[in-house]
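Asker: Residues per chain, in single letters:
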Amino acid sequence: MTQLQYKGTGSANGGTGSRYWKDKTGYLGVLPFLLFSGVFLLYPTWNVVSGAFKDNYGKFSTATLSEVFNSSIARHAFANSLEISVKTAIFGAILGSLFAWAMSMGKPGGVFYKISVALSSVLAQFGGVMLTFAFLATFGFNGFVSTLAVKYLPNSFLAESAWLYGKTGLTVLYTFFQIPLMVLVFLPTLENLKPQWREASDALGGKAYEYWLRIGIPVLTPSFVGGALLLFVNSFSAYATAATLISLSDFLTPLEIATALTSETGGSNPAEAKVLSLFMVIVVVIAMALYALMRKRVSKWEQER
Amino acid sequence: MKQSIWVRLWRWTIISFVAAYLLVPLYAMFDFSTKSFGLGDKGRNFRAWKMITEQTDLWPAITRSVITAAIVMALIIFLIVPTAIWVHLKLPALRRPFELLCLLPLAIPAIVIVVGIAPLYRWISINISESPITLAGVYSMLILPYTYRSLSAALDAVDIHTLSEAATTLGASISRVIFGIIMPTIKTGIINGSFIAIALVLGEYTISNILNFKTFQVVIAQIGRNSGTVAVAVSLASLLFVILLLLIIPTKKRQGTVLDVDIA
Chain A
-18 MTQLQYKGTG
-8 SANGGTGSRY
2 WKDKTGYLGV
12 LPFLLFSGVF
22 LLYPTWNVVS
32 GAFKDNYGKF
42 STATLSEVFN
52 SSIARHAFAN
62 SLEISVKTAI
72 FGAILGSLFA
82 WAMSMGKPGG
92 VFYKISVALS
102 SVLAQFGGVM
112 LTFAFLATFG
122 FNGFVSTLAV
132 KYLPNSFLAE
142 SAWLYGKTGL
152 TVLYTFFQIP
162 LMVLVFLPTL
172 ENLKPQWREA
182 SDALGGKAYE
192 YWLRIGIPVL
202 TPSFVGGALL
212 LFVNSFSAYA
222 TAATLISLSD
232 FLTPLEIATA
242 LTSETGGSNP
252 AEAKVLSLFM
262 VIVVVIAMAL
272 YALMRKRVSK
282 WEQER
Chain B
100 MKQSIWVRLW
110 RWTIISFVAA
120 YLLVPLYAMF
130 DFSTKSFGLG
140 DKGRNFRAWK
150 MITEQTDLWP
160 AITRSVITAA
170 IVMALIIFLI
180 VPTAIWVHLK
190 LPALRRPFEL
200 LCLLPLAIPA
210 IVIVVGIAPL
220 YRWISINISE
230 SPITLAGVYS
240 MLILPYTYRS
250 LSAALDAVDI
260 HTLSEAATTL
270 GASISRVIFG
280 IIMPTIKTGI
290 INGSFIAIAL
300 VLGEYTISNI
310 LNFKTFQVVI
320 AQIGRNSGTV
330 AVAVSLASLL
340 FVILLLLIIP
350 TKKRQGTVLD
360 VDIA
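Quick mapping for you: the protein sequence lines, in order, are chains A and B.
Under our numbering, the residues of the first sequence are numbered -18 to 286, in order.
Under our numbering, the residues of the second sequence are numbered 100 to 363, in order.
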């Protein structure tokens, strides 16, 4: 279909030269893509946004909206989602940026550096079902660490695995994929710190802490904040890990959405799912807008390379 | 640069802590999957690993996921790439709107796309058929930001206007220009984009689970309900497979993409 479209416009190519490029038939070329994204992207988005203002019979109503907004369950789930996302974004950003710094201090292009980059790119995508199993095998019943803990530290929280199935557990699990993601995002900026800056600072009698305080940190801050925002979105949108770990269906907003959409016992409530989705989208859009702002400041430094 | 002892100490503290965080769970997977079963069994063994082949649901699920990934790749090559080239080449006015459209999925969590597409999906599976095509359609939109990034970087690096004018002057048709001339020059960008696509499709759980489509991840979760050890073994096996795949692809190119990807 796509190919036909191009042939069609191509045959209009009677007169060569710049006049053709301005021809309106060129717009036909994006039609297949537009149709496709219309069905699979724009329609679902519109469906969610408009659906949040309708009841389950398709009539305009803000009843579900205010109902969800005032529901204590929904607020609780939303608070949980926000809390976990903020925490893992902060932990992930700090640990990831420190690790990236440790990488950049080593031999560039060395074995450690190469392995770290390769592993980071795999593990940043390692969320979901498999991550849950990895941590169940570590801290769950009969897991590697919990077996050791039962033997040597029977009174510590590690000996019992109850903590794994709540907020603490999710925070630990999410941080697992947040660290490598932060490494990937932060490493390029870190490598943009010019050695000359350090040399200049040293030559002018600056101490190490002065270099970091006055030069290093100000230059890195936009990238750090941007990375943290990206991690926040990453964790806020995550569903699979929580869904396979936690059986409470109203624990996080994504879980609540899935329940509202597919619930077999209480009857599904698509309107509720849409309202919850709209709230999620609003949060993500705000975070991404801030992220874009940070990226602009980062690219200012990168252009001067 | 000479490093002071404190810097080195601090550096190695960070490295060991993060390495422990990331590697202990991976080792624990191996440990857990080789544990003995029940009473009659002693010591370590690979029973769980051998049982992978007995999972009747697993192979169809892998096939299904791979087919879905193949459809996604076809969509990238025959729909997304030609459109990106077309916009770059002939519709400069549309570049900004096109970019925004491509980046839109970043603002929409997968779970939200499911909510939006569920009615359509139900309609299609009742009236047409339950094929992986719908799923592939959704996936190809999810990966759009990543595909777009690597494509637009590749397209900016080549002077495609000169290439296409030269080809047109010599009598090439427009489809020839796109598929025969520009696409081969931005091959690396396309490969990078496709690699991310495959990784995403094989690891996706949210959408397929809610739409009741038994892909690889959904079946792993299902196996986990019956036998934790086997599920852990499958997870570790597939993780090792992905790492192996990464090692085969040349480092330099891959590094570029990975670092590119998140700068959306």
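In short, the hints are calculated from the structure, not lab data.
Note that the Cβ used here is the ideal one computed from N, Cα and C, for glycine as well.
Watch out, some of these pointers could steer you wrong.
Just the calculated beta-carbon pair ranges, DEER-fashion [as the list claims (entries may be wrong)]:
1) A:Ser137 / B:Leu343: 24 to 30 Å
2) B:Ile176 / A:Val30: 29 to 35 Å
3) B:Val165 / A:Asn51: 44 to 50 Å
4) B:Ser224 / A:Asp231: 25 to 31 Å
5) A:Val30 / B:Arg324: 31 to 37 Å
6) A:Lys148 / B:Ile166: 37 to 43 Å
7) A:Glu48 / B:Phe116: 43 to 49 Å
8) B:Trp109 / A:Glu180: 19 to 25 Å
9) B:Ala256 / A:Tyr133: 53 to 59 Å
10) B:Ala256 / A:Leu134: 51 to 57 Å
11) B:Pro159 / A:Ser137: 39 to 45 Å
12) B:Tyr120 / A:Lys148: 34 to 40 Å
13) A:Leu194 / B:Ala336: 34 to 40 Å
Asker: Work down the list of hints and note, for each, if the structure agrees.
Answerer: Hint check results:
{"no.": "1", "hint": "A:Ser137 / B:Leu343: 24 to 30 Å", "in the structure": "violated, 37 Å"}
{"no.": "2", "hint": "B:Ile176 / A:Val30: 29 to 35 Å", "in the structure": "holds, 31 Å"}
{"no.": "3", "hint": "B:Val165 / A:Asn51: 44 to 50 Å", "in the structure": "holds, 46 Å"}
{"no.": "4", "hint": "B:Ser224 / A:Asp231: 25 to 31 Å", "in the structure": "holds, 28 Å"}
{"no.": "5", "hint": "A:Val30 / B:Arg324: 31 to 37 Å", "in the structure": "holds, 36 Å"}
{"no.": "6", "hint": "A:Lys148 / B:Ile166: 37 to 43 Å", "in the structure": "holds, 38 Å"}
{"no.": "7", "hint": "A:Glu48 / B:Phe116: 43 to 49 Å", "in the structure": "holds, 46 Å"}
{"no.": "8", "hint": "B:Trp109 / A:Glu180: 19 to 25 Å", "in the structure": "holds, 21 Å"}
{"no.": "9", "hint": "B:Ala256 / A:Tyr133: 53 to 59 Å", "in the structure": "holds, 56 Å"}
{"no.": "10", "hint": "B:Ala256 / A:Leu134: 51 to 57 Å", "in the structure": "holds, 55 Å"}
{"no.": "11", "hint": "B:Pro159 / A:Ser137: 39 to 45 Å", "in the structure": "holds, 44 Å"}
{"no.": "12", "hint": "B:Tyr120 / A:Lys148: 34 to 40 Å", "in the structure": "violated, 18 Å"}
{"no.": "13", "hint": "A:Leu194 / B:Ala336: 34 to 40 Å", "in the structure": "violated, 48 Å"}
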